[in-house]
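Chains as they are written, first to last, in our numbering: chain V, 1256 to 1369; chain H, 138 to 250.
The hints are simulated quantities; they were obtained by calculation from the structure and are not laboratory data. Every clue listed holds true.
Partial pick of chain H residues on the chain V-facing surface, computed with a CB cut under 8 Å:
| hint | residue |
| --- | --- |
| 1 | Q179 |
| 2 | P181 |
| 3 | Y183 |
| 4 | Y224 |
| 5 | G232 |
| 6 | G233 |
| 7 | S234 |
| 8 | Y236 |
| 9 | L238 |
| 10 | G241 |
| 11 | K242 |
| 12 | G243 |
Here are the simulated DSSO-like cross-link-like pairs (lysine-lysine), alpha carbons at most 27 Å apart as the crow flies:
| hint | chain 1 | residue 1 | chain 2 | residue 2 |
| --- | --- | --- | --- | --- |
| 13 | H | K237 | H | K140 |
| 14 | H | K206 | H | K237 |
| 15 | V | K1264 | H | K242 |
| 16 | H | K242 | H | K140 |
| 17 | H | K242 | H | K206 |
| 18 | H | K237 | V | K1264 |
Where is the CB? At the ideal position from N, CA and C, for every residue including glycine.
Chain by chain, the residues:
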Amino acid sequence: NAGVTQTPKFQVLKTGQSMTLQCAQDMNHEYMSWYRQDPGMGLRLIHYSVGAGITDQGEVPNGYNVSRSTTEDFPLRLLSAAPSQTSVYFCASRTSGGEAGEQFFGPGTRLTVL
Amino acid sequence: DAKTTQPNSMESNEEEPVHLPCNHSTISGTDYIHWYRQLPSQGPEYVIHGLTSNVNNRMASLAIAEDRKSSTLILHRATLRDAAVYYCILRRRGGGSNYKLTFGKGTLLTVNP
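Next comes chain H alone, as it looks inside the complex (with noise of 0.2 Å):
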């Protein structure tokens, strides 16, 4: 399986936007690039995916390289409540088996007030 590499912890101030760095070199052409995150004490909650062009949705902006070796999820304007472990996960496209997830150690976001 295809791997990411993130910073193990980032700092950010509220209402400030906030860009999360995730590297996976060695990606396929068929590997989706997830993001989840895991607020302290609850289950991880997914955040936003994308294939190969940038994606938007209510919660964040995914930014995808051109050579799809790096992506960078976007929080526009972070809140005390965005602190959390954020994980960068490759899935294979497809069905079945390839819905698993293969969670790194992530990200820790603090959101100074």
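Just chain V, with the same shape it has in the complex (with noise of 0.2 Å):
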């Protein structure tokens, strides 16, 4: 298993510019989320999905779009991005079901907006 992925690594952007930022797992999990990191500070919602079709909006969710059209792929979409938006971009999944405990992450996009 590859576990959770993200593409691209990193990514530098110009004020305006729209991207996407890929995540995919393959572990059929049914719950998954993107957070943001800022520095010295702790990671944000910003939108998650309990199942393909399904997404509901996090604790940042402004300027950040999504669609969950596989359970294996779940997209973010920077519509026109902005300086604020620079910052460490992670992905996660769980399972649904059950009490097991364990997200996991993706290794996260580092991105820049001028």
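Two chains, two separate frames, one set of hints: put the complex together.
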């Protein structure tokens, strides 16, 4: 299993550009989520999905869109990048059902918006 | 959501035990206590979780106070690889949106050789 994979690892954008951060998992997990982490801070939840076709907003959803057409993939779209979106982005997944505790995180995408 | 309080930083020596405290005085009866850690330049990594009883796994032990208002993550023999930010997180029991994790700033653990 590759676990949770994220691409790209690094990205530099200009203000106003759009891009999609990719996240994929091969563990057949129903639940997936996106976080951002600013320097010296904990992670903040952007959007999450409890299954294909179902998404919901987290703590800081403004400026980001998501969709979930397959169980494996959960892309995060920045429609018009702003310097305030400079951050490290992490994708995570976990299985549903039961009381298992573990969420699996990807290695992150470091985004800089100029 | 119930809040957790952790020290900003702690220091330990290699091969010694480490006790990382977490206060969660407003915990509800349906909240799990989770611990994650984040090594430098990596994504968070699950460590352990529990509800009421103490828990052990290959990475650590979790000691939960009888009133559940506090807990302690125990690393039995710290190694240099254990240097990381440790997050104590409460998660409401159940599925769906209850899988969300709310991260604070955590405790930065430094391990001295």
